[in-house]
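A.B. asks: This is what each chain is made of:
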Amino acid sequence: MPSWRTIGSTALVVVLATTAAGIAEGQTPARSAPTAADWAALAKLPDFTGVWEVGFGAPGGRGAGGGRGNRVGGPPAGTQLTPAYAEKRRARLANAPEDSQAANCLPPGMPGIMGQPYPMEFLLTPGLVTIVIEAYTQVRHIYTDGRPLPDDPDPKFHGTSIGHWEGDTLVVDTVGFSPQTDIAANTPHSEKMKIVERFRLADPDTMTIETTVTDPEALTAPWVSNRTLRRHRAWTIAEYICEENNRNSVDANGKAGINIKK
Amino acid sequence: MNIRRFGGLVIVALAMAGATLSAHHSFAAFDMTKEQTITGVVSRFDWTNPHTFIWVDVTNEKGMTESWAIEGMSPNYLGRRGWSKNSVKPGDKITISIRPLKEGKTGGMFIRAQVGDRVLMPTGTPTDER
Numbered sequence: 000m001p002s003w004r005t006i007g008s009t010a011l012v013v014v015l016a017t018t019a020a021g022i023a024e025g026q027t028p029a030r031s032a033p034t035a036a037d038w039a040a041l042a043k044l045p046d047f048t049g050v051w052e053v054g055f056g057a058p059g060g061r062g063a064g065g066g067r068g069n070r071v072g073g074p075p076a077g078t079q080l081t082p083a084y085a086e087k088r089r090a091r092l093a094n095a096p097e098d099s100q101a102a103n104c105l106p107p108g109m110p111g112i113m114g115q116p117y118p119m120e121f122l123l124t125p126g127l128v129t130i131v132i133e134a135y136t137q138v139r140h141i142y143t144d145g146r147p148l149p150d151d152p153d154p155k156f157h158g159t160s161i162g163h164w165e166g167d168t169l170v171v172d173t174v175g176f177s178p179q180t181d182i183a184a185n186t187p188h189s190e191k192m193k194i195v196e197r198f199r200l201a202d203p204d205t206m207t208i209e210t211t212v213t214d215p216e217a218l219t220a221p222w223v224s225n226r227t228l229r230r231h232r233a234w235t236i237a238e239y240i241c242e243e244n245n246r247n248s249v250d251a252n253g254k255a256g257i258n259i260k261k
Numbered sequence: 000m001n002i003r004r005f006g007g008l009v010i011v012a013l014a015m016a017g018a019t020l021s022a023h024h025s026f027a028a029f030d031m032t033k034e035q036t037i038t039g040v041v042s043r044f045d046w047t048n049p050h051t052f053i054w055v056d057v058t059n060e061k062g063m064t065e066s067w068a069i070e071g072m073s074p075n076y077l078g079r080r081g082w083s084k085n086s087v088k089p090g091d092k093i094t095i096s097i098r099p100l101k102e103g104k105t106g107g108m109f110i111r112a113q114v115g116d117r118v119l120m121p122t123g124t125p126t127d128e129r
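As you go down the protein sequences, you meet chains A and B in turn. Residues in the first sequence are numbered from 0 upward in steps of one, following numbering that gives the first Met the number 0. Residues in the second sequence are numbered from 0 upward in steps of one, following numbering that gives the first Met the number 0.
The set of hints was computed from the structure by calculation and includes no laboratory data. Using N, Cα and C, we set each Cβ at its ideal position, and we do this for glycine too. Any given hint could turn out to be false.
Label pairs and their computed distance ranges (CB to CB) [as the list claims (entries may be wrong)]:
| id | chain 1 | residue 1 | chain 2 | residue 2 | range |
| --- | --- | --- | --- | --- | --- |
| 1 | B | LYS88 | A | ILE240 | 21 to 27 Å |
| 2 | A | ASP37 | B | PHE26 | 46 to 52 Å |
| 3 | A | THR235 | B | ASN85 | 15 to 21 Å |
| 4 | B | LYS104 | A | ALA42 | 25 to 31 Å |
| 5 | A | ALA233 | B | ASN59 | 42 to 48 Å |
| 6 | A | LEU105 | B | GLY103 | 28 to 34 Å |
| 7 | B | SER42 | A | GLU165 | 46 to 52 Å |
| 8 | B | SER96 | A | ALA233 | 42 to 48 Å |
| 9 | B | SER96 | A | ALA220 | 42 to 48 Å |
| 10 | A | PRO147 | B | MET31 | 44 to 50 Å |
| 11 | B | GLY115 | A | ALA233 | 40 to 46 Å |
| 12 | A | HIS163 | B | ASN85 | 29 to 35 Å |
| 13 | A | TRP38 | B | LYS104 | 20 to 26 Å |
| 14 | B | LYS104 | A | ASN252 | 16 to 22 Å |
One chain only, chain A, in its complex shape:
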């Protein structure tokens, strides 16, 4: 009978071997070290760097692109739901929830996180576009190193994203979303939801994002929305710790609350 120590060592070896095999099979491709040429190539791409804020008031500004939001009233503009998902939406609204889990500081996930009234910073490094999102202190990683999308992705709030450049446009494909995220307020998605975003510069300090949501189980047609962002060269991303002093809440029955105990 092996000692516990032997079992422990064996388990460790198995874990290491499994990890190595995973990399070898390309599940998580190792990125090779970037070369000087890789860094230089970034300079030829459109300049997305810096801090951007979603525009307000203009068509295609904030509000487009959905998210959990808190507009518990009418249907999200532009979505055409299948009968099954229209029913799911009706069921969600049946007990008239006063608020979403964002009131408890749960981040909205995709696509709602891209429409928050806080800025985002874009970072371009070899093989990767990183979006640092001020709201709820979130981050998206968009792999542009040529890796494929996973066949069976783990469900995540922001999904798993890969991107490629079509001329001056960054095209991002994202799959695998947590069931805790919504297409739009009170509008759930299936495991088959896909999001394609097309980022481009409309002028030197204006970015447009065209977002197309498809979901063969939830939507009868692709849902396309547009946002416009403005670059603020002098801004930096500020800290946003939602739990710092969150006095809002929503309970399991959808009842909103506020704590005004000093």
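Chain A is fixed; fit chain B onto it per the hints.
C.D. replies: Here is chain B on its own, set in the frame of chain A:
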């Protein structure tokens, strides 16, 4: 800029204010059909996420002091629009217009305030100096 255009901008600004607050939570706790004005002395200013709170000691009609909690937008949002952690200080005499909390609680959502000769608004054109 003529008056009519200015009016349009104000409406856009107010719509923005609503949109901003709704990012984190709904208006369910507040009576959005009512506007109420309170006057008192600031006891504390929470320059915190996800919302600022101005705490005001208000003397009610019975002569008793009540503590009111006034929720405003985040320091991140306000800080880019001219506010700072020193915009409101303990001891300041303040008059605030609010959307009152439902159920008669002593609190509300910030609309605008006057501190001395300063008017504080929750909106404005973002500054590029931050």
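A.B. asks: Given the hint of 42 to 48 Å, check if ALA233(A) and ASN59(B) actually sit that far apart at their C-beta atoms.
C.D. replies: holds (46 Å)
A.B. asks: Quick check: does the Cβ-Cβ distance between SER96(B) and ALA233(A) fall within 42 to 48 Å?
C.D. replies: violated (32 Å)
A.B. asks: Assuming the hint says 20 to 26 Å, is it satisfied by the Cβ distance from TRP38(A) to LYS104(B) or not?
C.D. replies: With Cβ atoms ~57 Å apart, the hint is violated.
A.B. asks: Does the Cβ distance between LYS104(B) and ASN252(A) fall inside 16 to 22 Å?
C.D. replies: holds (20 Å)
A.B. asks: Take a look at whether the Cβ-Cβ distance between LEU105(A) and GLY103(B) falls inside 28 to 34 Å.
C.D. replies: holds (30 Å)
A.B. asks: Is the gap between the beta carbons of THR235(A) and ASN85(B) within 15 to 21 Å?
C.D. replies: holds (20 Å)
A.B. asks: Given the hint of 21 to 27 Å, check if LYS88(B) and ILE240(A) actually sit that far apart at their C-beta atoms.
C.D. replies: holds (23 Å)
A.B. asks: Given a hint of 42 to 48 Å, does the C-beta separation of SER96(B) and ALA220(A) actually sit inside it?
C.D. replies: Check passed, 44 Å falls within 42 to 48 Å.
A.B. asks: Given the hint of 46 to 52 Å, check if ASP37(A) and PHE26(B) actually sit that far apart at their C-beta atoms.
C.D. replies: holds (49 Å)
A.B. asks: Does the beta carbon distance between HIS163(A) and ASN85(B) stay inside 29 to 35 Å, or does it fall outside?
C.D. replies: About 48 Å separates the Cβ atoms of HIS163(A) and ASN85(B), which means 29 to 35 Å is violated.
A.B. asks: Given the hint of 44 to 50 Å, is the C-beta distance from PRO147(A) to MET31(B) inside that range or not?
C.D. replies: For PRO147(A) and MET31(B) the Cβ distance comes to about 49 Å; the hint holds.
A.B. asks: Take a look at whether the Cβ-Cβ distance between SER42(B) and GLU165(A) falls inside 46 to 52 Å.
C.D. replies: violated (57 Å)
When each numbered hint is compared with the structure, violations occur for hints 4, 7, 8, 11, 12, 13.
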